[in-house]
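Protein chains in written order, with UniProt numbering: chain A, 1 to 492; chain B, 1 to 492; chain C, 1 to 492; chain D, 1 to 492.
If you're looking for bench data, these hints aren't it; they were derived computationally from the structure. Hints should not be assumed to be uniformly reliable.
No copy labels: a pair is met if it fits in one copy or bridges any two.
[Said to hold, decoys possible] Listed next, the in silico DSS-like pairs over lysine-lysine satisfying Cα-Cα at most 30 Å (straight line):
#	residue 1	residue 2
1	K230	K482
2	K57	K209
3	K476	K294
4	K294	K441
5	K482	K322
6	K230	K110
7	K476	K230
8	K322	K487
9	K450	K249
10	K294	K249
11	K322	K98
12	K233	K98
13	K202	K487
14	K98	K210
4 protein chains.
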Amino acid sequence: KLHCIQFADQKQEFNKRPSKIGRRSLSRSISQSSTDSYSSAASYTDSSDDETSPRDKQQKNSKGNGDFCIKNIKQADFGRREIEIAEQEMPALMALRKRAQGEKPLAGAKVVGCTHITAQTAVLMETLSALGAQCRWAACNIYSTQNEVAAALAEGGFSVFAWKGESEDDFWWCIDRCVNVEGWQPNMILDDGGDLTHWIYKKYPNMFKKIKGIVEESVTGVHRLYQLSKAGKLCVPAMNVNDSVTKQKFDNLYCCRESILDGLKRTTDVMFGGKQVVVCGYGEVGKGCCAALKAMGSIVYVTEIDPICALQACMDGFRLVKLNEVIRQVDIVITCTGNKNVVVRENLDRMKNGCIVCNMGHSNTEIDVASLRTPELTWERVRSQVDHVIWPDGKRIVLLAEGRLLNLSCSTVPTFVLSITATTQALALIELYNAPEGRYKQDVYLLPKKMDEYVASLHLPTFDAHLTELTDEQAKYLGLNKNGPFKPNYYR
Amino acid sequence: KLHCIQFADQKQEFNKRPSKIGRRSLSRSISQSSTDSYSSAASYTDSSDDETSPRDKQQKNSKGNGDFCIKNIKQADFGRREIEIAEQEMPALMALRKRAQGEKPLAGAKVVGCTHITAQTAVLMETLSALGAQCRWAACNIYSTQNEVAAALAEGGFSVFAWKGESEDDFWWCIDRCVNVEGWQPNMILDDGGDLTHWIYKKYPNMFKKIKGIVEESVTGVHRLYQLSKAGKLCVPAMNVNDSVTKQKFDNLYCCRESILDGLKRTTDVMFGGKQVVVCGYGEVGKGCCAALKAMGSIVYVTEIDPICALQACMDGFRLVKLNEVIRQVDIVITCTGNKNVVVRENLDRMKNGCIVCNMGHSNTEIDVASLRTPELTWERVRSQVDHVIWPDGKRIVLLAEGRLLNLSCSTVPTFVLSITATTQALALIELYNAPEGRYKQDVYLLPKKMDEYVASLHLPTFDAHLTELTDEQAKYLGLNKNGPFKPNYYR
Amino acid sequence: KLHCIQFADQKQEFNKRPSKIGRRSLSRSISQSSTDSYSSAASYTDSSDDETSPRDKQQKNSKGNGDFCIKNIKQADFGRREIEIAEQEMPALMALRKRAQGEKPLAGAKVVGCTHITAQTAVLMETLSALGAQCRWAACNIYSTQNEVAAALAEGGFSVFAWKGESEDDFWWCIDRCVNVEGWQPNMILDDGGDLTHWIYKKYPNMFKKIKGIVEESVTGVHRLYQLSKAGKLCVPAMNVNDSVTKQKFDNLYCCRESILDGLKRTTDVMFGGKQVVVCGYGEVGKGCCAALKAMGSIVYVTEIDPICALQACMDGFRLVKLNEVIRQVDIVITCTGNKNVVVRENLDRMKNGCIVCNMGHSNTEIDVASLRTPELTWERVRSQVDHVIWPDGKRIVLLAEGRLLNLSCSTVPTFVLSITATTQALALIELYNAPEGRYKQDVYLLPKKMDEYVASLHLPTFDAHLTELTDEQAKYLGLNKNGPFKPNYYR
Amino acid sequence: KLHCIQFADQKQEFNKRPSKIGRRSLSRSISQSSTDSYSSAASYTDSSDDETSPRDKQQKNSKGNGDFCIKNIKQADFGRREIEIAEQEMPALMALRKRAQGEKPLAGAKVVGCTHITAQTAVLMETLSALGAQCRWAACNIYSTQNEVAAALAEGGFSVFAWKGESEDDFWWCIDRCVNVEGWQPNMILDDGGDLTHWIYKKYPNMFKKIKGIVEESVTGVHRLYQLSKAGKLCVPAMNVNDSVTKQKFDNLYCCRESILDGLKRTTDVMFGGKQVVVCGYGEVGKGCCAALKAMGSIVYVTEIDPICALQACMDGFRLVKLNEVIRQVDIVITCTGNKNVVVRENLDRMKNGCIVCNMGHSNTEIDVASLRTPELTWERVRSQVDHVIWPDGKRIVLLAEGRLLNLSCSTVPTFVLSITATTQALALIELYNAPEGRYKQDVYLLPKKMDEYVASLHLPTFDAHLTELTDEQAKYLGLNKNGPFKPNYYR
């Protein structure tokens, strides 16, 4: 297995190309975006923090435990309340605690994690713990940590290394503190973006000998894993939880259907009725955006490159156009393609005064924002996340979040969506940890259909939804097991 | 290859179990349903036909050609007009004629076909002919032939053997006349239901030596092919065109969204606003039905066995219930499951007076209609396709099409949907006929994604839809060929 | 009062101008359209009738009563079943029978009626009878009578004078037989179109001395009454039931939302998804059509003359255009204006091949059909109610119902809508008949708001809908009576 | 006319009963709510203000003019930019400036106004000025003034007396400074809430001799005027602009359709998909809320007292229930009734944990919030405008804005809606000021239909909407003037 130790620093290479499928998780970061701005949890965090670096402080929780590094342990009570509120909207994890607690399916598991550290993550961590696991955790983004939640976790005995506003050096230091510890070696990895996995590959490749599997959450992290796999360097099985059906539908279609409205309202207070909108891309995100705006009385045009998605747009009642055909008349431009340079300077030049431009897609490359950084254009920051870019003739376009993801920057991700993600992660950990020898090779796997269905079923009680069970006769007729899986793997 | 000759008469066996996935083509028959009633084209057919069997008549077209057997060659002009009207709504085939005509990609192809014989099929056949193929054709259903179209085809020189109202003996006789002909041997099969393929296997197994491939259209036919393949008896490559993305979306989601309303209105004149409806099954068909009824002001409940589809129903705004929870209060019950005995006598007993019951699903097994054939219940035929079943206390339920497919029996399939099917068939024939040696083995294949996309693209001009093209830079960024395929195979 | 006797034959004048508001009842005829074709009930009527005129037959029902004139008394049983089925969908009238039967609020009323004679009318007549009234009835349209229903009514003792296919002479003869009868004089008039009222004015003006009121159902009839009133010639109070809120909403918005889809499907089998449609007029009918088509995936444009309705169209998500801007590109043109020459020859010349043109509006003047009767255009009847009009260059437009009302000609009016109309008529009769002296003058009145609300309330049980009652405190706070009316009269 | 001087201080009485119709303007205050909190413009106002009362400061603008009293003249530039941005979304006022500027229809008008002082009001004031009017202005709410806008107005020469955070004494002082001025007497009143009118009645009744009319914007102000009129004390004509069709549709249906989503998201981040919601009241506001939530995938129940609205709810696809039937199962409760005590303690006691309760209706009486102020319940403020009320068993309900209007407190009113209001006000002023003697008596008038249509038409260009014009022939046929009005006055 030693061939996998020669792991060069491929970080640059990793980031050169996103996955072809191109859909992103809402709750993840691509590695360079571990330094992206991240707004959603900002409101709860005190702004009057002292300036001492957490790394320089002596830290202890009320039981005298000091194996953590956070901003301020005194915020623990406040964080605890946040966690309790989140618990109420994460019924699936709570159910998992109850159902699986007796058998402790993660007994013996030593999980090292690197994710956003939020109230929802805390519910996940405390669930893993209830199922028997030990956890050490770092943040996958230097801005996204909710300090009070980190405090509550530390107070509860978790070894957390994270605070809001880490430097890049802090970032890697925190990760290192999670894995480089005397007398404790992880046997499971839960990663979001691949930075933790990368660090272990680079610094502690031998650690993989004991690791039973990696659970990866983000598009970028998954892409890195596939590259490793292709290169024959993946030493352990990895589970791609990003592409589970349930998670994809919620992250993209259902979540974006709401967040496009929310993001636009919070930033611009625009009235949707009667507005002309062009949505670039009619994948799941585009479908969600289009449906919401149509319902609010907007007139929506769609651009597409894929004829199958294009035909769906037609049948759903949207005029399929090239961007140039409508760019002069639209009030709002939304990109949802996963592609780059979908809206370029030439398009921006032709937009009408007051046109709003934003991105709901994969990364900040969809709108060529760089092309707007020229001397003849004036930028005016009118609100947080809202810039007016002003042409010499006085025309303004309203650029949101500087072309970064609108729903991450200007909206919030509902806890319910995060619940689906977290439940998927927990089940993937249980599956990999308990899988019989040989079920999973050194490869990247999709979540088994049956577990995907299980995640969905755990969320049905939220809606007081009652599933029908197959009779024996029906199951036989359909050739199905009564407990699923009910659909072929390719079914979406 | 001789092992594939030992083909037993497995007809009974074939029909015992439908495919697990369970979605049916709108334009197909399962083999036993080659004798099903079939209404859509009835209106154009004269009812005053003489009683002589076509098999007993001397037949000749105006050029003296007599290699066909149809009802009445005099109807050719009327049929020609029908074909011309159909041509206007099948732009993709017409485009295919133009684009591919120069190169005659089917030059040398000898296609034997067994499908519904309608104006749309005629457009397909004349397209195949324009592309270079010779065609001989029989009907896949004893009722569905449009006699005037068959006449127009015969007049145009096609060897057609089909008429409305064949006996079962006629049915096989017609098929035999297509294949058992001096000096001509087919090298391609286009089948809908598998009866033609079955007949060749049984009677002329050696014929497969010259056959380059089978294109199969129906769920049942595809199921039969998979069984042959499993049993190692499939001697040639076969293309499953039923499961192409484009065809599935149109046959199921888009077509049913319209036909559920149409079928209910034509049979019952029911007002949808305010009606309580339960839809059993939230696959593509169920999604289409629910969306349409919701839009018309109905209150829709959904039943599901699959938690993923169930969760989608919730997020789309439908209460997920067990049938029994709402059966007393609903005004309309619609099955779309592909399952059997979804609505049973116990449910029917509890329905309220006037409740409408119908099936949009796979086959006529979803509603246990047989259970209503008991002495205490009175059946009253109030209209074509509409029965009142009357309980001893006077309660009536309104049963549509005796539980058979509502949209086949009581609605029409739009030509546009048939256009997609026919285009897919034509492209599959071209692909199999021209594929280099070795690309396809003796197995069942899905239509390549790229051809699926091509079918879609041929239908975009109908909507005056303008597709965007990738720039070189974008294609490189996404790792895609500029001409597609644009999505992985599993993408729906 | 004699001045009102000098009633000239103003028939021509009556019809010159429709009411300004311009919305029509679905179930009414303008007087010239008492000779319009009328399709909806055709299916139930036997076509093998003998050719003897009913006027020449000796007629008796099973009890020996012969005071009626219909087609064939033997069809009574069949008609009775039709009535029973209609009863199930007219719960409000049935409730009215129960609630008001004890007190017989129409005891002593002698109602002469002139309406479409259908199963629904029969339920109304039998309700009036149950409430104490005597009834004599003629048809308001020469084609619309359901012969079997007339038979059932005659068998049940009603003096009905009507059959399908009357001559114009028959038409007036039947009306005359209703009123010109020894020893019986009407004291209430229920009219639909104003022909009965007109006849009495012209022939038996003295009869008005005993008449307590007129209930009029149709736009045209109401318009005639307002003209009479203006001219000082209206001798009795009249109730305009056409403009009640409930009736208007159902006749226009809710009914058209469904019948536009139904009418288009039954005539053309068109697929709605992706179609471009222009709807002329955004009143209630236009709103219903637009909402339905949008929901089915059509792209809908709207034309309007009224800026308030225009702004509503914008806010509801429709592009507001002039007809000429989109006429070349649309697949379907629908008029709903109440205006004339909305679609003229110049527009028709510019439509694309295959464009469907139809009218959902007030009368058959919206599309200038006459302009298509020129020698260079070929008309081809392709189905009942469907004409292809063919230009010299081969372009066809698909004209539905020759520009007459699509929903009357090619769809059916749901019984539930007719129930609302019939209930409104019954209540108006009760109100006028029982009103204390002086409450109503010789003028045209709208249905009192409270009765409008009562009609609505009687239909709520159909939907198992539960109304909330005001508490005393709330009623006082709002300054309302707990039993209504709840809104000012102008509220819609 | 002296009888109108004996105007007692009826302020208490005024506020006892809202109008029966019960719909409120979004941009107004009832008089007691001149002290209500008001959030929408807060973000732009500096928080570091000094503590000196504006009344105690010497104030001068850059031209040396000191006839105003505001917070800080230095903010004028910032305010000017706000006004310029607002101008872009108020095209109708800008068009009015252009169209009417030549003739100066308000030349000689001396307008005293009392409204919210925001950027939109500034656009109105500057339009009035451009049309020839002189203006003096006070705020109608002690919290709602945008200080920077007031500064810009003062800098521009307007006599403005208003700042954010006035005391009640300040409030009346500012009003008095507007009217009690040497050598200037108002001849027009523009009021929002009736406080200004009240003050003049009370303090300077003789001033009415010169006043040509009052334009009143709010429900409460209109109610006060009707009371004055009833009591014979209204000395001048008054225009009720609150009930114009255009304004009503936008304030209620279109605005609420968006603000219900926005208000809920900003306060609770709730995911709408699959949520069960009960909406109390199905007037225009309820219709807007229901449509929006249904479109987002919520399951919506409706309660109603009015059977006509109830029937509409049914036909639109909502289950009509009594509150108690669903109170245990719903996730969100929304009141839109204009009534009081619609949600009472008993209902609140039965709600499930986490239920969100909010009010979109007339006033803060719809939810009996007072009943929650009992010792056993704990209130926890979790965010601005969000309280958790906690039952002894731990159950929490989430109460928004303490039962005040959600869309005023937690959302923003789009400028486009305010544009409609402001344009209506401007036109009403022009109409009253220029009306020939005798057209308007001492009564309360609705905006003439034609002007209502004109307001709408001025807003169509925003949507690039193209109105169709009647031909002469059509106008004659319909009996209409080609320039409108196009509908009867009662048409909505």
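Query raised in the report: Which of the stated hints cannot be reconciled with the structure, identified by number in ascending sequence?
Result: The structure conflicts with hints 2, 3, 4, 12 and 13, although it agrees with all the remaining ones.
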